[in-house]
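Asker: Residues per chain are reported as follows:
There are 2 protein chains.
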Amino acid sequence: MATAYEDLMERVRDIGRLQTSLALLDWDQETYMPPNGVKARAEQIALLSGIRHTQLIDPQVKRLLDEAQTDEDDHVARTNVRETRRNYERAAKLPTQLVKDLAHTSTLAKDAWAKARAQSDFSIFSPLLSRLLELTRQKAEHIGYSAEPYDALIDEFEPGATSAQIEGVFARLRDETVRFLKRLTDSSTKPDRSILTRHYPEQQQRALSRKFAEALNFDFESGRLDVTVHPFCTTIGGGGDVRITTRYLEDFFQAAMFGTMHETGHALYEQGLPREHMFTPMGEAVSLGIHESQSLMWENQVGRSRAFWEHHFDEAARLFPKALGDVSLDAFYGAINTVEPSFIRVEADELTYNLHVILRFEIERELFNGQLEVDDIPQRWNVKMEDLLGITPPDDAQGCLQDIHWSMGAFGYFATYALGKLYAAQFFAKAKEDIPDLFDRIRANDHKPLLNWLRENIHRHGQRFRAGELVERVTGKPLTIEPFMSYVKNKFAPIYGL
Amino acid sequence: MATAYEDLMERVRDIGRLQTSLALLDWDQETYMPPNGVKARAEQIALLSGIRHTQLIDPQVKRLLDEAQTDEDDHVARTNVRETRRNYERAAKLPTQLVKDLAHTSTLAKDAWAKARAQSDFSIFSPLLSRLLELTRQKAEHIGYSAEPYDALIDEFEPGATSAQIEGVFARLRDETVRFLKRLTDSSTKPDRSILTRHYPEQQQRALSRKFAEALNFDFESGRLDVTVHPFCTTIGGGGDVRITTRYLEDFFQAAMFGTMHETGHALYEQGLPREHMFTPMGEAVSLGIHESQSLMWENQVGRSRAFWEHHFDEAARLFPKALGDVSLDAFYGAINTVEPSFIRVEADELTYNLHVILRFEIERELFNGQLEVDDIPQRWNVKMEDLLGITPPDDAQGCLQDIHWSMGAFGYFATYALGKLYAAQFFAKAKEDIPDLFDRIRANDHKPLLNWLRENIHRHGQRFRAGELVERVTGKPLTIEPFMSYVKNKFAPIYGL
Numbered sequence: 086m087a088t089a090y091e092d093l094m095e096r097v098r099d100i101g102r103l104q105t106s107l108a109l110l111d112w113d114q115e116t117y118m119p120p121n122g123v124k125a126r127a128e129q130i131a132l133l134s135g136i137r138h139t140q141l142i143d144p145q146v147k148r149l150l151d152e153a154q155t156d157e158d159d160h161v162a163r164t165n166v167r168e169t170r171r172n173y174e175r176a177a178k179l180p181t182q183l184v185k186d187l188a189h190t191s192t193l194a195k196d197a198w199a200k201a202r203a204q205s206d207f208s209i210f211s212p213l214l215s216r217l218l219e220l221t222r223q224k225a226e227h228i229g230y231s232a233e234p235y236d237a238l239i240d241e242f243e244p245g246a247t248s249a250q251i252e253g254v255f256a257r258l259r260d261e262t263v264r265f266l267k268r269l270t271d272s273s274t275k276p277d278r279s280i281l282t283r284h285y286p287e288q289q290q291r292a293l294s295r296k297f298a299e300a301l302n303f304d305f306e307s308g309r310l311d312v313t314v315h316p317f318c319t320t321i322g323g324g325g326d327v328r329i330t331t332r333y334l335e336d337f338f339q340a341a342m343f344g345t346m347h348e349t350g351h352a353l354y355e356q357g358l359p360r361e362h363m364f365t366p367m368g369e370a371v372s373l374g375i376h377e378s379q380s381l382m383w384e385n386q387v388g389r390s391r392a393f394w395e396h397h398f399d400e401a402a403r404l405f406p407k408a409l410g411d412v413s414l415d416a417f418y419g420a421i422n423t424v425e426p427s428f429i430r431v432e433a434d435e436l437t438y439n440l441h442v443i444l445r446f447e448i449e450r451e452l453f454n455g456q457l458e459v460d461d462i463p464q465r466w467n468v469k470m471e472d473l474l475g476i477t478p479p480d481d482a483q484g485c486l487q488d489i490h491w492s493m494g495a496f497g498y499f500a501t502y503a504l505g506k507l508y509a510a511q512f513f514a515k516a517k518e519d520i521p522d523l524f525d526r527i528r529a530n531d532h533k534p535l536l537n538w539l540r541e542n543i544h545r546h547g548q549r550f551r552a553g554e555l556v557e558r559v560t561g562k563p564l565t566i567e568p569f570m571s572y573v574k575n576k577f578a579p580i581y582g583l
Numbered sequence: 086m087a088t089a090y091e092d093l094m095e096r097v098r099d100i101g102r103l104q105t106s107l108a109l110l111d112w113d114q115e116t117y118m119p120p121n122g123v124k125a126r127a128e129q130i131a132l133l134s135g136i137r138h139t140q141l142i143d144p145q146v147k148r149l150l151d152e153a154q155t156d157e158d159d160h161v162a163r164t165n166v167r168e169t170r171r172n173y174e175r176a177a178k179l180p181t182q183l184v185k186d187l188a189h190t191s192t193l194a195k196d197a198w199a200k201a202r203a204q205s206d207f208s209i210f211s212p213l214l215s216r217l218l219e220l221t222r223q224k225a226e227h228i229g230y231s232a233e234p235y236d237a238l239i240d241e242f243e244p245g246a247t248s249a250q251i252e253g254v255f256a257r258l259r260d261e262t263v264r265f266l267k268r269l270t271d272s273s274t275k276p277d278r279s280i281l282t283r284h285y286p287e288q289q290q291r292a293l294s295r296k297f298a299e300a301l302n303f304d305f306e307s308g309r310l311d312v313t314v315h316p317f318c319t320t321i322g323g324g325g326d327v328r329i330t331t332r333y334l335e336d337f338f339q340a341a342m343f344g345t346m347h348e349t350g351h352a353l354y355e356q357g358l359p360r361e362h363m364f365t366p367m368g369e370a371v372s373l374g375i376h377e378s379q380s381l382m383w384e385n386q387v388g389r390s391r392a393f394w395e396h397h398f399d400e401a402a403r404l405f406p407k408a409l410g411d412v413s414l415d416a417f418y419g420a421i422n423t424v425e426p427s428f429i430r431v432e433a434d435e436l437t438y439n440l441h442v443i444l445r446f447e448i449e450r451e452l453f454n455g456q457l458e459v460d461d462i463p464q465r466w467n468v469k470m471e472d473l474l475g476i477t478p479p480d481d482a483q484g485c486l487q488d489i490h491w492s493m494g495a496f497g498y499f500a501t502y503a504l505g506k507l508y509a510a511q512f513f514a515k516a517k518e519d520i521p522d523l524f525d526r527i528r529a530n531d532h533k534p535l536l537n538w539l540r541e542n543i544h545r546h547g548q549r550f551r552a553g554e555l556v557e558r559v560t561g562k563p564l565t566i567e568p569f570m571s572y573v574k575n576k577f578a579p580i581y582g583l
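Read top to bottom, the protein sequences are chains G and Z. Per the numbering used here, residue 86 is the first one in the first sequence, and the count goes up by one each step. Per the numbering used here, residue 86 is the first one in the second sequence, and the count goes up by one each step.
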């Protein structure tokens, strides 16, 4: 007879099966669905989402959670019960009406946001943003928190993290980044990024993107690479079916090359999760921040390294003779590693990116602590941009209206992007210690040593450890900004002649 | 407040949304799913199938069916309630254990059938086939019938049809076909089919397949054309998302060309169903036989007509200069319209195909009426092949083991293929009357007149009329074999010099 734990896990797996069926409906909508399929698709997604939510908050889940006996030594069962309880409680605490109101308001808000951005008119978006904030405040109250409402939101994306902890890390990151940024912008030596906006034919970009994904050991038997307007990685069938997408912009070489490596990094994590625990917490990723550390490490620490391009540059020059025929490896390496304050987060470089995140983190926190009104966001945004990056957006479309996240009700999400950068640097520093010839192997296009290190230290554990615990366990230290600051200084100082 | 009818329809639509989500899971598995996604996919499909079944037999459906008041003049509501009651009753009458036993036995039987066919050893398949027949007999008893158990099975695929009716039609079809076939095979004039097995490069086949689908007015804004091992048509999102597949065999020109037109015919029906009734019976196809009439009409009456190729042959010859450079339109027209007894149903020509179906219909009926034992199938099959087609299969792989249907528990299905041929001929004869210049329009590559005729007479009605009623309503006569026999005689006699 099945135990309560086994019954519970079968329910959890069913929720995972629904979740990944939804992921397929989404993936298909972004890739291959014909335009006129959109009405039925919205209905299918709404229906399956509703069934999933009902299954998640089923009182039987509560009963099984209470009855499930787990052995103290059985870390699999303990992890699965702990995370299932967390997921159940977060879902069950929310009144159904609030969930519906949030979904409905968000649908309207996405539309309003798109209009507002197109017209660069914040007033089109602000009433719905106010409503979403109000509903999200209610959500935070239902979920509960110890210090401040914003904690309840952050915890959704980075379980166990708090605003105060993140603020501590971000405060130092902010100061050190601003100081180092000033040294770079003051330097008279600067790389030339313009070669990346020459003409790079799509067909060759496709070949190279696939080659890079293969080089990084993306398993095409357990995944796909397709094309979408906004690149993403989604898991359709546990580690056996992980799909990434990219986009080919013929006058913007970075998009496909680094975008593909970024999504490949996400996919390597998903493909490396233990398949025997598919659809249970032990077979799932720790947090958005840890996920982002994997994508960023492969994109930046590997993909933007000199060693990587020492192997690949000649081939790229052969594929794109008009764009790269007259370019040296050094010039190319500089071009893909330029630092320059800019308005748009998603186009920001490795160093200034975190400042964009910190700005959003601070504004969100002020909103939820009652220190900032919605109508004051545009002004506050621009003041902070000037403080952090020394530039002021010409309009709100290039300022506080640039991101879709708030219109989706995703507050507390942005911080994970910067946390990912810090985790990536701290993990990578440790990997370099453990694999002394790491860059020689990268130079030889052998990415197995790093992948095996990640598999062993991170992927195979699923959700056994929370993010903070994992970082400390793997690197011997809590999260700090030092590895990241060392990494950017070591990389950018020579390029900028410092 | 919603009425019982409205509540009922919302439940019915939800079942349709689940059904089409399942269709996407299937489509994706056949087209783009990576190999290692198969385990999760089987689990996702099993889960959603179970949820759909539970929703279909929910006691609330019964209650709403009993409460739903429909106006006598409201044919939409009457159709929807009638067909929903039918679907509910067919599902609710089956004990859950029997449904599970059938699914489980069929999974084992599919495996055994594949092995049996590979080794041409019926004894590997026969125990599971016996078990499936036993379970299917129970199913027929639960569903109920007036004359014989086989009726309950036929009714699943061709609602309202009975064995006796079909037998009456098939008896005449059999005699007339065998007689006409003898005249053709005795003729000394014979077309040469071998030109179709020359080399036809895939890329050009792709271009032409797409062109044909477009010519027949397949709406690519509401559908897709992809590649699979076994071609099919599936509806993912009502008429707004209908997907067809084809396959490109470089030494078998028919497969892609006529396969694509066949699936396009299915898709035109689905795309033409009234979208305001999406996911309810009024927005769904009448029966498998009527569906097949649409695919066959576009494949054969149109796609294998001389008029069609008078327009397209020159282009085909340009695309395939090596294969068709020395071939005349007449020779090509003869090649795509050869008649020759053969062992394999799916490769049979327009005339002999029905004999393959009649053989299966007779054997199935004998099995369910207790006149035939499973172990005697191979011998009975071969005797009938000799009777009907004058040939004896060299082994059971090319005989009674060739079709997958029985291993899936699909008894009563085959008849719909031949009914489709008869419906197609009867509809097309009427369309020719109503559109006097039909072949001139086909010759001008203008397929709108025929499509509009089908839209008006068949597609727009959804399930308002049962198949027999529809045929009589559209053509003024009940189903008869005359239009089909006239069609084949008029087509093949000149080709065979009769």
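There could be a bad hint or two in this list.
For chains that are exact copies, the list does not tell them apart, and a pair is met inside one copy or across any two.
[Stated by the list, open to error] Below 20 Å or equal to it, Euclidean Cα-Cα: the simulated SDA-like pairs (lysine to any residue) are:
1. Lys517 to Gly494
2. Lys533 to Met570
3. Lys515 to Phe550
4. Lys533 to Asp434
5. Lys178 to Glu226
6. Lys124 to Arg360
7. Lys469 to Arg278
8. Lys124 to Leu107
9. Lys124 to Pro359
10. Lys124 to Ala108
11. Lys124 to Asp304
12. Lys195 to Ser208
13. Lys124 to Arg98
14. Lys200 to Ala401
15. Lys267 to Gly253
16. Lys267 to Asp111
17. Lys533 to Asp519
18. Lys517 to Trp538
19. Lys469 to Asp434
20. Lys275 to Arg222
21. Lys517 to Lys574
22. Lys574 to Trp538
23. Lys533 to Asp143
Please keep in mind that the hints were generated in silico from the structure rather than gathered at the bench. Predicted, not measured: the structure shown is a model, and the values here were computed from it.
Asker: Is the C-alpha distance from lysine 124 to arginine 360 at most 20 Å within one copy, between copies, in both cases, or in neither?
Answerer: between (35 Å within a copy, 11 Å between copies)
Asker: Pop the pair lysine 267 and aspartate 111 into one bin, within, between, both or neither, using alpha-carbon distances up to 20 Å.
Answerer: neither (43 Å within a copy, 56 Å between copies)
Asker: When no copy is specified for lysine 178 and glutamate 226, does a C-alpha distance of 20 Å or less occur within a copy, between copies, both, or neither?
Answerer: within (10 Å within a copy, 49 Å between copies)
Asker: Are the CA atoms of lysine 574 and tryptophan 538 at most 20 Å apart within a copy, between copies, both, or neither?
Answerer: neither (25 Å within a copy, 73 Å between copies)
Asker: Have a look at lysine 533 and aspartate 434 and pick one of within, between, both or neither, based on CA distance no larger than 20 Å.
Answerer: For lysine 533 and aspartate 434, the Cα distance exceeds 20 Å both inside one copy (27 Å) and across copies (55 Å).
Asker: With 20 Å as the alpha-carbon cut-off, assign the pair lysine 195 and serine 208 to within, between, both or neither.
Answerer: within (14 Å within a copy, 62 Å between copies)
Asker: With identical chains treated as interchangeable, where does the CA-CA distance between lysine 469 and aspartate 434 reach 20 Å or less: within a copy, between copies, both, or neither?
Answerer: within (18 Å within a copy, 76 Å between copies)
Asker: Should lysine 533 paired with aspartate 519 be assigned to within, between, both, or neither, using CA atoms and 20 Å as the limit?
Answerer: For lysine 533 and aspartate 519, the Cα distance is within 20 Å only inside one copy (14 Å; across copies 70 Å).
Asker: Classify it for me, lysine 517 with tryptophan 538: is the Cα-Cα distance of at most 20 Å met within a copy, between copies, both or neither?
Answerer: Within. Shortest intra-copy distance 10 Å satisfies the 20 Å Cα cut-off; inter-copy 72 Å does not.
Asker: Please work out whether the CA atoms of lysine 469 and arginine 278 approach to 20 Å or closer within one copy, between two copies, in both situations, or in neither?
Answerer: neither (26 Å within a copy, 77 Å between copies)
Asker: Measure nothing new, just compare the shortest in-copy and cross-copy C-alpha distances for lysine 275 and arginine 222 to 20 Å and report within, between, both or neither.
Answerer: For lysine 275 and arginine 222, the Cα distance exceeds 20 Å both inside one copy (46 Å) and across copies (81 Å).
Asker: For the identical chains here, do lysine 533 and aspartate 143 meet the 20 Å Cα criterion within one copy, between copies, both, or neither?
Answerer: Neither way: lysine 533 and aspartate 143 sit 43 Å apart in one copy and 53 Å across, limit 20 Å.
The structure does not agree with the numbered hints 1, 2, 4, 7, 14, 15, 16, 20, 22 and 23 stated previously, though it agrees with the rest.
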